[in-house]
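Undergrad: Just remember that this note's numbering sits 2 ahead of the position in the sequence shown, which is counted from 1.
Treat the hints as calculated values from the structure; they're not laboratory data.
Worth double-checking, as some hints may not be accurate.
As the list claims (entries may be wrong) - FRET-style restraints, in silico, Cβ to Cβ:
#1 M67 - S43: 32 to 40 Å
#2 Y9 - F54: 39 to 47 Å
#3 K7 - G65: 14 to 22 Å
#4 I15 - H40: 12 to 20 Å
#5 F32 - K66: 27 to 35 Å
#6 R73 - F33: 20 to 28 Å
#7 S43 - R73: 39 to 47 Å
Even for Gly, the Cβ is constructed at its ideal location relative to N, Cα and C.
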Amino acid sequence: MANAKVYFFRTVIGLVILIILFGKSVTDLFFPQGLARHVSSFKSFLMIVYSFILASGILYIAGKMIVLYFRNSQTDLSF
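Using the sequences plus the hints, can you model the full thing?
TA: This is how it looks when you write it as structure tokens:
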């Protein structure tokens with residue numbers, strides 16, 4: 003695990019990018035640009051599906067990071 007720190011920072015940066023994309027898609031879903039135009043139901047449905055997929059990916063990666071942290075952490079806590 004010599005490169006664990008590098009992989010950790012890459013994962014954190016990837017998660018930050020995913021969270022930004024998730025925030026953008028949720029903003030686009032609830033506050034679409036051009037409020038005078040009606041957004042089709044199909045586009046709204048696809049945006050909701052995309053948001054759920056993105057959110058599940060974020061939760062999966064964060065969960066994997068937490069599990070790996072607790073597996074590799076020491077049992078004794080030294081302060």
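Undergrad: Against each hint, give a clear statement of whether it holds in the structure.
TA: These are the hints, each one checked on the structure:
1. About 36 Å separates the C-beta atoms of M67 and S43, a value consistent with the hinted range of 32 to 40 Å.
2. The supplied range of 39 to 47 Å is broken by Y9 and F54, whose beta-carbon atoms lie about 27 Å from each other.
3. For the pair K7 and G65, the supplied restraint of 14 to 22 Å holds, since their beta-carbon distance comes to about 20 Å.
4. Take I15 and H40: their Cβ atoms lie about 38 Å apart, and the range 12 to 20 Å is violated.
5. With their beta carbons about 29 Å apart, F32 and K66 fall inside the hinted range of 27 to 35 Å.
6. For the pair R73 and F33, the supplied restraint of 20 to 28 Å is violated, since their beta-carbon distance comes to about 41 Å.
7. For the pair S43 and R73, the beta carbons lie near 45 Å from each other, so the given range of 39 to 47 Å is met.
Consistency note: the structure conflicts with the earlier hints numbered 2, 4 and 6.
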